[in-house]
Amino acid sequence: MTRLILTIAAAALVFIQPAAPELLFRDIAAQAGITFRHHAAPEKKYIVESMSGGVAMFDYDNDGRPDLYFVDSLTVDTATDPSAARSALYRNLGNDRFEDVTDKSGLGHPGWGMGVCTADVDGDGWEDVYVTALGGSRLYHNNHNGTFTDITASAGVGIPGWSAGCGFADYDHDGRLDLFVSRYVKIDLAHLPEFGKDKTCEYRGIAVQCGPRGLPGESDFLFHNDGNGHFTDVSEKAGVSDPRGYFGLGVAWFDPNGDGWPDLYVANDSTPNFLYLNQKNGTFQESAFPWGVAVSEDGAEQGSMGVAVGDYDHSGRLSLFVTNFSEEYNDLYHNDVDHFTDMSFRSKTAAISLPFVGWGDAFVDYDNDTWPDIFVVNGHVYPQLDRVRMGASAGYRQRRLLYHNRGDGTFDEVAARYGTILTDEHVSRGIAVGDIDDDGRVDIAINDLDGAPQLLHNEIATRGNWLLVALKGSSPNTGAIGAEITVTTPSGKQTSVVQSGTGYISQDDKRQHFGLGTAPEADVSVKWPDGTVTTQSAVKANQVVTIKQSK
Amino acid sequence: MIGAILLTLALQAQAPSAPPARAAVPDRAALLARAGEAVQQGNRAEAKRLLEIAGRDRQSVRALLQLAHLQLEDRETAAAMQTLVKARQLAPNSEDVLSAIAELSLAGRAAVPAILTLESMTRLYPDEARYSYLLGVALMGAGDLPAAIDALRKANTLQPGQRLTLLALGLAYNNQKLFTDAYPTLRKALDLDPDSVETIAALSEAEAGTGDLNAAERDAARAIARAPQNATANLVLGMVRLAQQRYPEARDVLLIAAQADPASPKPEYQLSLVYARLGDQASSDRHRQQYQEKLRAMEASLAALHPATRTPGK
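Each protein sequence line maps, in turn, to chains A and B.
The working numbering puts the first residue of the first sequence at 1, with every later residue one more than the last.
The working numbering puts the first residue of the second sequence at 552, with every later residue one more than the last.
Warning: the hint list may mix true and false statements.
Stated by the list, open to error - Here are some, though not all, of the chain A residues that point toward chain B, as calculated from beta-carbon distances under 8 angstroms:
1. Gly292
2. Phe345
3. Ala351
4. Leu354
Stated by the list, open to error - With a Cα cut of at most 35 angstroms, we get these calculated DSBU-like pairs of lysine-lysine:
5. A/Lys551 <-> A/Lys493
6. A/Lys197 <-> B/Lys705
7. A/Lys348 <-> B/Lys739
8. A/Lys527 <-> A/Lys551
9. A/Lys551 <-> A/Lys540
10. A/Lys527 <-> A/Lys493
11. A/Lys548 <-> A/Lys280
12. A/Lys493 <-> A/Lys104
13. A/Lys551 <-> B/Lys739
14. B/Lys705 <-> B/Lys739
15. A/Lys199 <-> A/Lys186
16. A/Lys348 <-> B/Lys705
17. A/Lys527 <-> A/Lys540
18. B/Lys739 <-> A/Lys527
Hints in this document: simulated from the structure, not taken from any laboratory.
No residue lacks a Cβ here, since even glycine has one placed at the ideal position from N, Cα and C.
Construct the complete structure from the given sequences, taking the supplied hints into account.
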């Protein structure tokens, strides 16, 4: 009898206990050996202390495994001591272990670091690193032996002031990778705007850091790669210099109109965003307004931060997802060939984003169901916010957003479905996505403004088949930056583009991940930057496939 | 604690010791009675003179309130406000005086004095829904939507089911793009007043925001059928037509929206998009220019209201 009662009680407990949340991500940063800490002043009294930093996932040593580089920043108090900030390069050892190789690499002290993008700038087959910063950006050449050399001066790509986003692309089809750099606010560290001094330094009636509104903005730069180790500033000639000084942040090179020439999207904080359409003659036409991607659906200038590019509806066209400030919404701009349509509210991605200040973002098919989902990290810029009425805004530390793509043009926000890993609150900035261990599940590295980064290892149990496509382009664009990959399965076509510069001032792994659902194989087509096409049929699922460009 | 102190001070202030009366001037009651008779006889000037004396020499707050009322009826808005300011000097926390100042400020679109007065009133009379409602309306006028929503929610809690409160709250939600909150609020408002064009138009905006373009189209058309020049309904219908790629129709209704609300940048922005889709770049550029000019003008007018609006730094 007693045993029966115990059995019944035990059975009852099974029903009473809530089901454990499904496992999606696990933060393995600490166990993987990542000890990086991003430095930031606790009060963020100046805007320069709120915007860093980016993170890159790239294979610096050509061993086939993506490595990680986290950008660190100084503070006003440590501005004169470059050693106070230590950016960090971690070598992927396999088996989810990383080794800090910063000191050997020479990438530790780029100054007051902001963002990062990577590309093989000289066609030697090794990825080089560009770091944006306050007080001088830097280009580091990869020496093929685990070390880098600062070639900023000889390359002519050093930019004064406050650079933020960056990205390489071959905008003039000469085969060489050119460089675009966005800049943010004009800041003189000797004469910083006083905390809380006027109406642009207030939020909900309390004193906060000033800016960006009320502060002068900075122009942007486009450098043409001359092919001899030197770049030439062509910003004004090309029409992308931003003479009005909008507050430039995230950068995305891609080809929205499908004419085979890379166009450029720039997310500007508190000012209209830019869409520069390539005129195929070395110049660009700024077209964000007529294309419907300058401002919100109702014409509000939003505080834009990060930019993600993806084919979320299997249309074969690359759409845009832009993160914005709180009480604004994240924009999902659907690509309609000759313009974009703001689908944010209709896609169900906008409303839930209103309380959050969004930064790093990416299209990721986290469950390999063939439909790219969207991942966003958040975090406010005002620590003081937690002491006042917040209106519709969330607090200083904020949760993440994971939008699951329903395949019908709409999304469900599902972060809470996976325990607390995505609902725990952080003050995050850059993210880099890629598969760190080639298990077919997309992982995410996150650089937080305050403190430790996270490395979200994807451990989802129920998932579809996959392909990871690595491209080997012809020199000098050995990384095939700008190439578009189309994967076809019975459920449709998916298109992705190889980009330098992604999300919020960061760098995703350039290998492109595709979820295949139940398809055991797929046809893969690559449209290389020079317009040539390579096709491979019936590529078996669940592998890393490397495709080389014909000479 | 601060609230209790303020309330104590307010009660003290409402019971001032009466100054000694001057022998040559009739007492308050007599002056008020004579003023009332003058009004009945159509001699408003005499009534105002008597009430002014009562206010000035007898410190009669009631007289000043009556004087302000007469001045308002005679469209002497500035004089009415001056009278109320005098009344407030005599009785800084008088509910009647503060209420009159707030309502006059709101009527004159003077958001800052209205907000400052109503904030005092909501502290002094925290259970009075009307003041929270008026504060919400004033904050909306000043562009401080989060604070407006707080005030209107409070008003709705204190006195649920008020049509105007629900409409104002729905409008504030729409402005903050909180469409999923706006929708049920406006539905309730519409249940209370099914013929309200403003409510139907606001509902159509909420429906468009929640992605229900069919409902938005239906309700915008319903509002336009009753009020062809309604700015909100025409804007919503224009955005729906734009989404449907029915560009000429979108252009036509957006032009009406722009004419109906000439200060708003929103229809101008939509028109810039529509003309771009129609291939008319010159018109697109022109409306974009107008959109940006109106946006800047709107920002400047909101900035001028600082600090009452607590303008965000971003």
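Does B/Lys705 lie within 35 angstroms of A/Lys197 when you go C-alpha to C-alpha? 32 angstroms, holds
Taking 35 angstroms as the top limit, are the C-alpha atoms of B/Lys705 and B/Lys739 close enough? Given that 35 angstroms is the threshold and the Cα spacing comes to 17 angstroms, the pair holds.
Within 35 angstroms, alpha carbon to alpha carbon, are A/Lys527 and A/Lys493? 14 angstroms, holds
Under 8 angstroms, Cβ to Cβ, is where A/Ala351 needs to be relative to chain B, so tell me if that hint holds or is violated. 6 angstroms, holds
Holds or violated: are the alpha carbons of A/Lys493 and A/Lys104 at most 35 angstroms from each other? Violated, at about 43 angstroms.
Hint check: A/Lys527 vs A/Lys551, CA-CA at most 35 angstroms. Holds or violated? Roughly 14 angstroms between the alpha carbons, so the hint for A/Lys527 and A/Lys551 holds.
Checking one constraint from the list: CA of A/Lys551 to CA of B/Lys739, max 35 angstroms. Satisfied? Given pair A/Lys551, B/Lys739 is violated - Cα atoms ~68 angstroms apart, limit 35 angstroms.
Run the distance test for A/Lys199 versus A/Lys186: straight-line Cα separation, threshold 35 angstroms. 19 angstroms, holds
Decide if the proposed pair is consistent with the structure: A/Lys348 and B/Lys705, CA atoms, cutoff 35 angstroms inclusive. This hinted pair holds, its Cα atoms lying about 28 angstroms apart.
With chain B as the partner, please determine if A/Leu354 meets the hint condition of a C-beta pair closer than 8 angstroms. 6 angstroms, holds
Under the criterion of a CB-CB separation shorter than 8 angstroms, is A/Phe345 in contact with chain B as hinted? Result: holds, 5 angstroms to nearest chain B Cβ.
Is the straight-line distance between the alpha-carbon of A/Lys527 and that of A/Lys540 35 angstroms or less? It holds: about 20 angstroms lies between the C-alpha atoms, which stays within 35 angstroms.
Comparing the model with each earlier hint shows violations of hints 12, 13 and 18; every other hint is respected.
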